[in-house]
Amino acid sequence: MFDHVMSVLNIWGSLKRFLAQNRERSGWLMLVSSLAVLFGVLVIAAGAGAMHISASKIIQILMNLIHLGDVDMVSQAETAVFLNIRLPRVLFGAIAGAALAAAGAAMQGLFRNPLADPGLIGVSSGAALAAVATIIFWTTIASGVSADFLPYVLPVMAMVGGICAVFIVYRLAVKDGVVHVATMLLAGVALNALVGAFIGLAFFMADDQQLRDINFWMLGSLASARWSIMLPVVICALIPLVFISMQARTLNAFLLGEREAHYLGFNVEKSKRFLLLLAAALTGGIVAFAGMIGFIGLVVPHIIRMIIGPDHRWLLPNAMVLGATLMVLADLLARTAVVPAELPLGVVTSALGAPFFIWLLSSGKARMSG
Amino acid sequence: MIEARQISVSLGQRPVLHDVSVEVSPGEVVSLLGPNGAGKSTLLSVLAGGLRPASGAVTLDAFPLEQFDASSLARRRAVFSQQQGLNFGFQVREVVALGRSGHLGRHDDDQAIDGALEETGAAHLAGRSFQALSGGERQRVHLARVVAQIWPGENASAEAGRFLLLDEPTNNLDLAHQHGMLTLARKLAQRGIGVLCVLHDPNLAALYSDRVVLMENGRIQAAGTPRDVLRPDLLEAVYGLAVNVLDHPNRNCPHIIPA
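Chains A and B, in that order, give the protein sequences.
Under the numbering used here, the first residue of the first sequence carries the number 264, and numbering increases by one thereafter.
Under the numbering used here, the first residue of the second sequence carries the number 38, and numbering increases by one thereafter.
Isolated chain A, as found in the complex (with noise of 0.2 Å):
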């Protein structure tokens, strides 16, 4: 067993002796490399579960679609557990897990803290705060809208106080037109605390089911994912993660400071604001429809920095995919671990990230260094 794991360190050593050496060409190797083993996990995820679905049944499922397939080689119940169910979820979990590391890495860069987490400026705070409050007085809300707007009713209402948070804490940051980046983050912890209280408060008053609605959603899960709910995951996350990938030359020259940035020629406090904005939504979108998932956005900008340096330009797209690949795999741990039962997702990226983190750090690696 030691054995094994000193060969994996040795492992890691060389490919970071090796890839150190050229960024461009450790950039695109380390992308495509990822994005193949990305196509390769999103497949095993979407096969596993009660009703296994083999690589190449699933190939057939997809040619189906097209016509193009030889439709007896697959059962209806596999065609319909496979696009109604594997797929949106592991398309949701890729989506997810995407859009929390660029998120993580935004903030990072903007804050010049490796600390920096989406979670840091409100946004989760601020929705897991309106999410519970809509779980305590659900009777109240559900009596007032329509039935086909009740799935809806729980995420919008998460946006809505992701953004309120976000909101808050920006208008405490802002003097004189100038956002002042280390009130921000003291402004975000301080909300963090009073979220906290009221959401110990909502424990104290809720119901056994309401606590079991409260936990359930605090600790993350994909399980509400169905096409449905994918048009507003896409637009809350997709289009952000194109706006974030063009601000990556912004990102490298907030490193050296918001004075050099400017000096260098970036419009510093419209980017910033941007950078707010996109990091708002993309972390936003995603705890409205997938709870708290805790770990993703911190860790994974670590370990793309560590291997192919701070870089945004090569950072944002990989720490993406990596994101991705995590939290498919985190995802596929969680509802196949304990059968029939479901393990939070929360729990297992946790579970999970703070031991490698405590690994990073140990490693004496963890500085923002690469």
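In case anyone wonders, no lab produced these hints; they're calculated from the structure.
Bear in mind the structure is a predicted one, so any value in this text is a computation, not a measurement.
Hints may contain errors.
[Stated by the list, open to error] Stretch-level coverage of chain B by chain A, calculated; a stretch enters the list once three of its residues show a Cβ under 8 Å from a Cβ in chain A:
1) 103-111
2) 134-140
[Unchecked claim] Here's a subset of chain B near chain A, in silico, CB distances under 10 Å, partners left out:
3) 86
4) 114
5) 257
A virtual CB, placed ideally from N, CA and C, is assigned to each residue, including glycine.
Please arrange chain B on chain A, whose structure you already have, making use of the hints.
Showing chain B alone in chain A's frame:
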């Protein structure tokens, strides 16, 4: 020409600059001297467009600085600040390449980056990790970055004037690199770049500048050629230190030693 006219600045309640005017023309090296807290760095920030003065105006070729967008200003002037923080593990060449951010996609980027690394004596560091460098080496890499930012292109004479604003560029540098830095400033001035340089050593100012501006308590006490400004009476009045001013043995400039 980059010009500040009747600038006043207060930080909080404390006035830092009163009615200060200064200008830098393409092709000249101007040194800004004065005791700690005289307002030198503040004046440099105002000229750089990093700090808006309470009153007065800064113009670049007669246009107010606010009329330039950040990236076109970045192609005209580069700023070397004190206290450069960078905690992320960039390689040295990547740090210098950040200087070309405002030039997106120009074909001479590589030439500017390599040239700046060469001129600042940092070429041998290009592939190293920035975090592994010593304080002086980091300083030179940041200098290479700002030099790359306003690197004169092939048809430099046809382009508008460019300016380099340096806040204590010789801090942390060894003797040879201090002189190397200011020799580079002179060389860039010969290629048409206007250089403004905050310095603490009057002898460096005497050796390398065309004009010296002497500041005290947010006001300009004297401005002119090194010989006009670096006089025992003026220096003693400003610094409160008695000095003798000699002639440099083989360069035609004053040399200051404590009396």
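**Study point:** Index of numbered hints that the structure contradicts, given in increasing order
**Key:** 5
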